[in-house]
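Q: Chain by chain, the residues:
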Amino acid sequence: MDVRAQVSMMFHLDKCIGCHTCSVACKNIWTDRQGTEYMWWNNVETKPGTGYPTKWEDQEKYKGGWEPQGETIKLRVTDKFRGLANIFHQPYLPTIDDYYEPWTYKYSDLFDAPAGDDQPTARPISMVTGENMDINAGPNWDDDLGGSTVYANNDPNFENLNDAEKQALFEIERLVFFYLPRICNHCLNPACVASCPSGALYKRGEDGIVLLDQEVCRAWRFCVSACPYKKSYFNWKTGKSEKCILCFPRLESGQPPACFHSCVGRIRYLGVVLYDADKIEAYASAPKEKLLELQREMILDPHDPAVIAQAEKNGVDFSVIESAQKSPVYRFLKEWGLALPLHAEYRTLPMLFYIPPLLPVLGHVDKKGVYNVDAEEYFTSMDKARIPLQYLADLFAAGDQEQVRSVMEKLLTVRMFKRLEEVDDVDPALVDSLLKKTGLTAESCEEIYRLTSLPTFDERFVIPPMHREYAAELIKGDPYTFKSEAGIGGFKNTPDRGL
Amino acid sequence: MTYDEFLFGAFPYVCLVVAIVATIWRYVTDRFSYSSLSSQFLETRQLFWGSTAWHIGILGVLTAHLVGFLIPQSILWWNMEPVRLYILETTGFVLGLLALVGLFLLIYRRVTSSRIRKVTSLMDTVLFASLLLQVVTGVWTAIFYRWGSSWFSAFATPYLWSILEFRPDVTLVNSLPLMVKIHILNAFFLVSLFPFTRLVHMLSVPIPYIWRPHQIMRWNRRQQIID
Ligand code: HEM
Ligand code: SF4
Ligand code: SF4
Chain X
1 MDVRAQVSMM FHLDKCIGCH TCSVACKNIW TDRQGTEYMW WNNVETKPGT GYPTKWEDQE
61 KYKGGWEPQG ETIKLRVTDK FRGLANIFHQ PYLPTIDDYY EPWTYKYSDL FDAPAGDDQP
121 TARPISMVTG ENMDINAGPN WDDDLGGSTV YANNDPNFEN LNDAEKQALF EIERLVFFYL
181 PRICNHCLNP ACVASCPSGA LYKRGEDGIV LLDQEVCRAW RFCVSACPYK KSYFNWKTGK
241 SEKCILCFPR LESGQPPACF HSCVGRIRYL GVVLYDADKI EAYASAPKEK LLELQREMIL
301 DPHDPAVIAQ AEKNGVDFSV IESAQKSPVY RFLKEWGLAL PLHAEYRTLP MLFYIPPLLP
361 VLGHVDKKGV YNVDAEEYFT SMDKARIPLQ YLADLFAAGD QEQVRSVMEK LLTVRMFKRL
421 EEVDDVDPAL VDSLLKKTGL TAESCEEIYR LTSLPTFDER FVIPPMHREY AAELIKGDPY
481 TFKSEAGIGG FKNTPDRGL
Chain A
1001 MTYDEFLFGA FPYVCLVVAI VATIWRYVTD RFSYSSLSSQ FLETRQLFWG STAWHIGILG
1061 VLTAHLVGFL IPQSILWWNM EPVRLYILET TGFVLGLLAL VGLFLLIYRR VTSSRIRKVT
1121 SLMDTVLFAS LLLQVVTGVW TAIFYRWGSS WFSAFATPYL WSILEFRPDV TLVNSLPLMV
1181 KIHILNAFFL VSLFPFTRLV HMLSVPIPYI WRPHQIMRWN RRQQIID
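Heads up: the sequence lines are chains X and A, in that order. So for the first sequence, this note's numbering puts the first residue at 1; every next one is plus one. So for the second sequence, this note's numbering puts the first residue at 1001; every next one is plus one.
No lab work stands behind these hints: they were computed from the structure. Be aware that one or more of the hints could be misleading.
Said to hold, decoys possible - In silico BS3-like links for lysine-lysine, alpha-carbon gap of 27 Å or less:
#1 Lys313(X) x Lys63(X)
#2 Lys326(X) x Lys313(X)
#3 Lys55(X) x Lys166(X)
#4 Lys313(X) x Lys15(X)
#5 Lys106(X) x Lys1118(A)
#6 Lys237(X) x Lys1118(A)
Stated by the list, open to error - Derived DEER-like restraints, expressed as beta-carbon distance ranges:
#7 Ser1114(A) x Ala122(X): 16 to 26 Å
#8 Phe1048(A) x Pro156(X): 19 to 29 Å
#9 Arg1117(A) x Gln325(X): 51 to 61 Å
#10 Arg82(X) x Leu1070(A): 22 to 32 Å
#11 Asp278(X) x Thr1063(A): 39 to 49 Å
In this text, a Cβ means the ideal position worked out from N, Cα and C, and glycines have one as well.
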């Protein structure tokens, strides 16, 4: 058992209001430079929809992630020799048009226009070329199902739905959507790291954050293709790739990442989990049906004395183990079995988990025209579900409906349990039968409810001590040089494009 | 000192010294700037034809030059049979043409695409001009001064060795045709451009990828002391 610590994340999708505050917080801090305008390390997309970059889930097109090969797995986009052969031109690289061409407006025209009969207009100009352009795509072009006939209809996750299910999704009375905020998953088996010919990407041993060393990157850009979530980006200006850094300078000073901190719906949770690194290869290579279960199994119980002993032996600091014991992610993922990874079938072992949305599944407009979320019907006839379970299963459970159904039932049980307690308009027998069916208890329902609806800042974000002081000690000379600094080193020169 | 003595006896040393010193300097002081500066993200279709043809062509031709320089006997031996000489010359010529066509496409793309113009620096322009001159004079030589693979070892190889051994022998080259002379001089100029252009990406060829493990971990606390 090779116990390591990983800063892990969980998003509760029922709580996301699609406000994009997270994306803007991130952009303002990290990607407001030339060459990064088009990057959204955090983006929020509407599902069903094609997402950002367009159809990123279509791995026939982008070749992201791993695929099984005999007993083991291989990268879809490259292998050790193909990587070198394709280096002069990489066949599956997304181009800027797969994302969108960033633009601004020529505001000066508003001031400089001569007096006339018409209002002056500010024309859009490209932030790449500076020339006039027509805007025909953006990072959220299909927000809230805008242009659904073009976008939502082409969602790659419809592959396993039958025609009736697909049609039902787009009946106007049943039209339904939810938001999917996405950041880098800081995977345990990251395809981006494995694909980089220069070895520029790496996973930090102590906390599992996946970073890209720009001094080593030589713009071979395989990480962009290999990441199935398209969360590694190419900066066309500096000629280097960049990705989400999980705001490690903030984490190191005890603050949650900016997108977590600013989240309006308070959907985000962060905490350490301990995992068994010996199992990575075997579990990432497992048959598709087993992936979810095994990934969960890989996460170890931070209260188990054997795990603690082994963790300490491996150099995991005791303060980090203690933090793992309080991790909200661990509770949702392992204790309650409510959190699921996004597209486990890409086999990168993502460490960002989601609670799939219950409300869009249940909600419907009843005969009186009132929006209603009754529970009974849900259990009796699953086809009342507005979003086919298969759709959610393809997103969050590698296609396994039962996994999603189990989460849905638990969420519903908590709802009914609290409803009985607070409003008292549900049949107690129903709640009892739900508790029995899902294996939840009155206590766990209460705890889930509290951690879902009433958590404090410190309950949502259990940030482990990152112990940068130990790293500073490794540096010869005066450690006080680094006093009140987050991170060490950095750029000695400004990161300008090479000649 | 005659012109020839300066151009073929001194200029190469200036270029070599500049190249070596500046490359090391750049690597030590500004590693960030080492990059292939890929522009595929902005335009991919034309780049496929241009970059692939260019690189296959130029790498083939460069390899042939290197073999002719290091083990000229092997080429002379191979060329003993006329059929084999024809095969070698044709291959070389095709690779040269491939490089030329690729380079044309790359230049066309740089000039016509407004996005690519945005990422074209002054040094790119100098580099492309110099590369074009080099490939054109090279292909010219192949067409008009036949069987270069054989006479290369009589003139170029000993001349290059004389440079490397610090006893420059200008007599070996001063009778060569003008186009060949330009080819030689521009080659040294390109060497001097090396550290000031994107050519440094040649030093980054990621061969270790073949044997390194897929996943990379960096530990803070398992590292040695850092200076
Ligand atoms: C040694 C192996 C080499 C490798 C792995 C390599 C790789 C690359 C790569 C990845 C690019 C970027 C293409 C893109 O825009 O996506 C590039 C561009 C370029 N390479 Fe190489 N290269 C090699 C050798 C050479 C040599 C020997 C030369 C010339 C003497 C050369 C000249 C160029 C030029 C001029 C460009 C710019 C093309 C353009 O964007 O217009 N390369 N190379
Ligand atoms: S989500 Fe993509 S970029 Fe992030 S660690 Fe996983 S493979 Fe790498
Ligand atoms: S800030 Fe929170 S609620 Fe708003 S879109 Fe982002 S994840 Fe959703």
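Q: With reference to the structure, classify each hint as holding or not holding.
A: Hints, verified against the model:
1. Lys313(X) x Lys63(X): violated (39 Å)
2. Lys326(X) x Lys313(X): Since the Cα atoms of Lys326(X) and Lys313(X) sit roughly 21 Å apart, the hinted pair holds (cutoff 27 Å).
3. Lys55(X) x Lys166(X): Cα-Cα ~17 Å, so holds.
4. Lys313(X) x Lys15(X): violated (39 Å)
5. Lys106(X) x Lys1118(A): Roughly 19 Å between the alpha carbons, so the hint for Lys106(X) and Lys1118(A) holds.
6. Lys237(X) x Lys1118(A): holds (9 Å)
7. Ser1114(A) x Ala122(X): 16 to 26 Å: For Ala122(X) against Ser1114(A), whose Cβ atoms are near 21 Å apart, the range 16 to 26 Å holds.
8. Phe1048(A) x Pro156(X): 19 to 29 Å: holds (25 Å)
9. Arg1117(A) x Gln325(X): 51 to 61 Å: holds (57 Å)
10. Arg82(X) x Leu1070(A): 22 to 32 Å: holds (30 Å)
11. Asp278(X) x Thr1063(A): 39 to 49 Å: holds (44 Å)
Going down the numbered hints, you'll see the structure goes against 1, 4, while the others check out.
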